[in-house]
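Letter by letter, the chains look like this.
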Amino acid sequence: MNEFTRSESGLHVPKKKVARRSLLAAMGGAAAVPMLYGCGVGTGGGGGDDAASANGAGEVTGSFDWKALDGESIKILQTPHPYQQAFQPLLKEFTELTGIEVQADLVAEADYFTKLNTELAGKTGAHDVFMTGAYFIWQYGPPGWMEDLKPWIENSSATSDEYDFEDIYEGLRTSTRWDFEKGSELGTGGQWTIPWGFETNVVAYNKKEFDARGIALPETFDDFIQLATDLTDRSQNRYGVAFRGSKSWATIHPGFMTQFSREGAKDYTAEGTTYTAAMNSDKAVEFTKKWVDLAKNAGPTSWTTYDYPQCTGDLGNGNAMMVYDADSATYPKQKAGASAQAGNLAWYPGPAGPDGSYATNLWTWSLAMNAASKKKQAAWLFIQWATGKDAMNKATASTFADPTRASVFDGSFKQTLGDFPGYLETFEKVIDSTKIQFTPQTKFFETTEDWAVALQDIYSGADAKSRLDELAEANTDKINA
Amino acid sequence: MRPYLLSVPAVLLIIGILYAFFYGVYYTVLNYAATNPSPSFVGIDNYRSVLGDALFWRSAGTTLLYAVAATGLETVLGVAIALLLNRSTLIGKTFERLLILPLMIAPVIAGVIWKLMFNPQFGVLNHVLGLGSTFDWLSKDRALASTILVDVWIYTPFVAILVLAGIRSLPREPFEASDVDGASWFYMFRRLMLPMMWPYILVAVIFRFMDCLKVFDAVYVLTAGGPGVTTTTLQIGAFEDSITNLNYSRGSTYMFLLWIIVFITARYLVSVLGKAQRRAAGAGA
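These protein sequence lines map, in sequence, to chains A and B. Every number in my numbering is 318 more than the matching position in the first sequence, counting from 1. Every number in my numbering is 242 more than the matching position in the second sequence, counting from 1.
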């Protein structure tokens with residue numbers, strides 16, 4: 319085994335194998351870090367070539383060794399979530415494997431990104447690894463708050479031969495890669511996070527109720543609206559379909575963006591580097607009207623406050639007959655004892671578009687490395703372990719739905735699915751057309767929250783066409799500013 | 243030890259506070275944002291942008307309405323409860339202890355509790371009040387009133403406790419003399435208690451009004467400023483710019499403008515308080 323020593327940048331490098339040229343390069347890189355900070359540029363890749371040279375992966379040489387940093391400790395920031403809960407008991411196995419202690423700090427999901435935004439902006443490096451979603455790359459990447467993980471994956475000294483990055487679904491790998499250029503598609507540039515768990519947005523329904531009443535699953539959106547309306551009986555405190563409606567970007571991305579895309583609508587059209595908001599196109603306006611009417615006639619009464627826990631809660635309680643949201647969000651409600659309707663639920667892809675489209679929007683919880691971390695090699699070992707086959711296989715034994723690796727999904731996950739009617743068939747039906755349906759852009763959260771505000775205004779009585787025109791004009795200005 | 247060294251901690255504290263304040267003000271003349279980590283000087287562009295934004299003025303109106311309504315209700319209810327509790331009955335003493343409970347709950351938690359209670363599907367309010375599953379407390383027409391209701395629930399005890407302490411510190415002689423002269427309870431309340439109580443009531447009003455101008459947590463949890471922008475207050479606008487959109491300069495401008503509003507209002511109310519205290523002490527206004 320090689321002897322390791324700590325370099326100036328906090329990385330552990332093998333003593334014997336450091337060539338004079340590598341050492342000089344490493345010293346130069348370490349010296350550049352404070353200067354880059356002085357220029358307001360982080361050590362992630364967002365700053366361009368100079369920042370990329372500050373990526374710590376190049377300093378790790380020699381043969382790969384899980385025990386390279388025995389005795390080290392790292393801090394990770396997470397939000398309580400089925401993925402996190404499935405991994406929590408496994409953390410001790412990581413410590414046994416590497417000798418690295420892990421302190422996992424948890425922040426409730428409602429406040430998680432507020433905490434994360436503040437911490438990353440402060441560049442304190444308090445947490446070495448954090449949970450995040452793919453859209454956040456568009457916000458955290460450009461200011462250089464995330465480490466580009468591509469050099470780490472490609473460095474055989476830092477990454478085990480068994481890691482098999484290509485085993486992660488291609489759509490997920492593509493969704494977490496971007497070059498930050500306006501107008502650029504996803505799949506180019508750095509690998510900013512590693513997908514850890516993910517979800518497709520489909521319909522979960524109360525199968526027991528459907529079977530008892532002989533209800534067939536609706537194939538078109540109009541039939542879906544009709545069924546949801548027919549199922550609604552306010553006097554019995556029962557309604558057709560739950561989906562999110564709160565004043566948040568998170569209202570747009572699950573069911574809404576999925577069906578919006580299936581109906582053939584787009585969020586933006588791009589001509590070179592100029593974007594034009596298209597959420598006021600004829601197709602978009604027609605769909606939006608239907609969606610809001612669906613919320614009024616067959617949705618939860620307090621729709622404008624609904625996030626996914628309320629949606630899935632109503633499904634589990636038997637108040638909502640269907641939920642159009644993430645498959646893995648409804649998945650836990652089917653577990654024995656987890657809800658009043660456990661064992662009664664089933665899944666189907668939801669209505670197809672007029673052309674038979676099953677375009678589905680994607681969300682992936684993924685793991686990112688804080689560019690300001692002083693323990694990057696240890697952080698990478700953790701990310702590598704958590705997104706690796708062994709740990710993911712073990713996690714799927716509990717509440718870890720939709721693993722990101724094809725080998726894990728086809729193997730252990732399918733075996734643990736049990737009595738989840740339609741879950742697997744639904745997944746297989748939509749997986750090839752599941753991807754991020756949004757146009758990547760750095761003002762995503764601002765413009766998408768404005769979109770949710772517009773939906774709420776229309777729900778409260780505003781004219782759909784004029785409100786969406788107003789939104790599109792404002793978003794076109796913002797995105798091109 | 244030199245005596246002036248005793249002031250060092252206070253001086254350091256003031257420097258710490260002022261440094262952060264002036265740094266925030268400095269941000270308002272930059273274009274600092276996550277998407278622009280190398281900011282440059284932009285003069286009054288941020289002020290022009292914020293003051294020219296219709297949402298800012300709408301938020302200012304919402305904040306003012308919230309502050310006036312919540313403070314008014316809390317003051318009236320707080321004084322009424324204090325008068326009831328002033329009687330040393332067993333029930334009064336029990337309620338006096340229970341009254342403090344809402345104040346022991348963080349506003350953000352209170353917001354979560356009330357959001358659950360407001361839920362038409364499974365919330366307790368509609369069930370108890372027999373409103374069915376279609377009455378939406380947080381709809382466009384009712385959201386602002388519902389958020390004020392939550393504020394009243396949390397902070398009326400604060401006003402009541404403050405006023406109760408004031409009532410119990412009043413001299414007994416004028417009341418005993420009026421009682422001997424056969425004055426009615428209402429006469430004594432209007433002519434004796436209320437004038438002497440004004441300073442205490444005004445302290446409560448100032449605290450509550452200032453707090454209401456800065457309201458964020460409970461409203462954010464309940465509605466996030468919605469539906470639409472119905473309950474968007476100045477603080478929520480500042481939060482969205484600074485934290486959600488990571489536009490630090492615009493968020494700082496929002497906050498600085500709010501500070502100016504709070505500062506001017508506070509100065510005015512404190513001057514009113516001074517006059518009331520002098521009047522209550524018999525020095526004349």
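Treat each hint with caution, since some may be false.
Said to hold, decoys possible - Sample of chain B residues at the chain A side, in silico, Cβ under 8 Å:
| id | residue |
| --- | --- |
| 1 | 360 |
| 2 | 362 |
| 3 | 375 |
| 4 | 471 |
No lab work stands behind these hints, which were simulated from the structure alone. As the structure is a prediction and not an experimental result, all values here were calculated from the model. In this text, a Cβ means the ideal position worked out from N, Cα and C, and glycines have one as well.
Identify every previously stated hint that the structure contradicts and give their numbers, smallest first.
none
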